[in-house]
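Asks: Construct the complete structure from the given sequences, taking the supplied hints into account.
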Amino acid sequence: MTAMIQLSNVSKWYGDFQVLTDCTTQVAKGEVVVVCGPSGSGKSTLIKCVNALEPFQKGTILVDGVSVGDPKTDLPKLRSRVGMVFQHFELFPHLSITDNLTIAQMKVLGRSREEANDKGLKYLDRVGLKAHAAKFPGQLSGGQQQRVAIARALAMDPIAMLFDEPTSALDPEMINEVLDVMTGLAHEGMTMMCVTHEMGFARRVADRVIFMDRGHIVEDCAKEEFFGAPRGERAQQFLSKILQH
Amino acid sequence: MMDFSQIIPALPALTDGMLLTLRLLGLSVVGGVVLGTLLALARLSDRRVLSGLAKFYVNYFRSIPLLLVISWFYLVVPLIYNWLTGSFEPVGAFTSCLVAFVMFEAAYYAEIVRAGIQAIPKGQVNAAYALGMGYGQAMRLIVLPQAFRKMTPLFLQQSIILFQDTSLVYAVGLLDFLNTARSKGDIVGLPHEFLIFAGAVYFVISFGATLLVKRLQKRFAV
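Residue numbers (the working numbering), protein chains in the order written: chain E, 1 to 245; chain V, 1 to 222.
Which residues of chain V face chain E? A few of them, derived with a C-beta cut under 8 Å, are: (1) Gly123; (2) Ala127; (3) Met133; (4) Gly134; (5) Ile142.
In the DSSO-like style, the derived pairs of lysine-lysine whose C-alpha atoms are separated by at most 30 Å in a straight line are: (6) E:Lys72 to V:Lys122; (7) E:Lys107 to E:Lys72; (8) E:Lys119 to V:Lys122.
Derived from the structure by calculation, the hints contain no laboratory data. Here the structure is a predicted model, which means the values were calculated and not measured. Built from N, CA and C at the ideal position, the CB exists for glycine as well.
Replies: Right under this line is the structure:
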């Protein structure tokens with residue numbers, strides 16, 4: 001399989017403080033990779049480096065063969081091909097749900113309003129929220145907003161999806177509706193990189209699990225192996241803590 | 001005894017004066033907000049030279065009296081116009097004043113816009129970028145519309161101050177509302193009545209607008 005996302009020796013500093021150290025991994029086409037680890041381990045920073053929302057100082061990241069760190073790379077174009085879902089949804093509060101779904105399709109991809117509407121509503125229907133098209137983000141629950149955010153990213157026809165803790169700002173009863181949408185996507189063969197603490201989701205859906213600690217990728221292995229017998233002590237501690245509740 | 005009856009025959013002239021005041025106000029607000037927004041974007045820019053220049057501009061105009069700016073531009077604008085176009089056509093006091101107000105008010109609007117932009121969470125910009133928008137699109141489509149919504153009460157407040165400050169154009173002889181009232185009052189020998197009347201008009205408009213802003217603020221606060 002060819003790598004859709006390839007990270008090689010990625011290092012990043014905030015001033016003197018090193019947040020990422022020599023991170024190397026890849027996500028193959030159609031693969032679902034879950035990135036986990038304690039808070040402050042750099043997992044959110046790592047995933048934001050993939051679409052250049054965070055700059056990094058060393059190493060290379062290739063997305064579909066395009067180098068993210070190369071100053072000659074057309075970043076907006078690259079980002080338009082990679083969907084991203086954020087912890088706090090980040091729907092645009094001044095725009096209706098329909099406009100949230102269509103604005104980038106029209107302004108970035110140059111689609112007509114009809115085409116963008118059709119596509120947006122199709123994905124809104126898919127996440128089960130077609131009836132809410134005319135509402136504004138503030139009128140929806142957190143789980144609903146996050147599903148709209150996923151639909152908004154999908155409407156751009158991305159080659160891969162990045163999820164940055166998509167359920168950690170949600171009330172417990174809303175987590176599953178978002179995970180269900182993500183599970184459906186994974187089963188359709190979407191290439192996905194997910195930063196999440198949802199180990200149940202990782203167990204059910206992930207192909208591989210990456211465990212990070214203090215800016216290092218400590219474990220990077222197939223899901224069965226990870227949940228069977230993670231080698232490192234930190235990963236074992238983390239798992240025992242997170243699986244207890 | 002006060003005699004307000006002489007105001008009635010002067011009403012057409014006073015109306016013309018008020019129209020000039022409002023025209024100057026409207027154009028200055030539009031120009032000031034546009035230039036102020038550009039200044040705010042420059043100030044927030046990563047490019048140090050650009051942000052330094054914008055910072056200097058804002059601090060400079062906030063540190064000198066408006067009356068000075070009006071008098072100064074009255075002298076300088078025709079020279080610049082002549083230098084740019086080679087034409088000796090007179091520029092006129094209105095245009096000079098308009099340029100002065102736009103440049104001066106832009107410094108104040110810039111600070112309002114800057115605060116407004118900074119109040120928009122970074123995640124909104126990231127979301128716009130993640131969808132493939134460039135800096136300009138992210139600002140124009142996502143950040144500024146939200147920022148302007150939040151800033152509307154402050155814009156209006158600043159514009160009420162500007163409405164009163166337009167009266168400073170008397171310095172270069174423009175017949176705005178106050179200057180018309182003053183000269184009419186002098187002509188008919190009733191300066192007190194005309195000034196009291198002018199004061200009442202300014203009060204009604206400014207205070208009415210302030211009440212409106214308060215109501216807006218309540219609505220925007222929700």
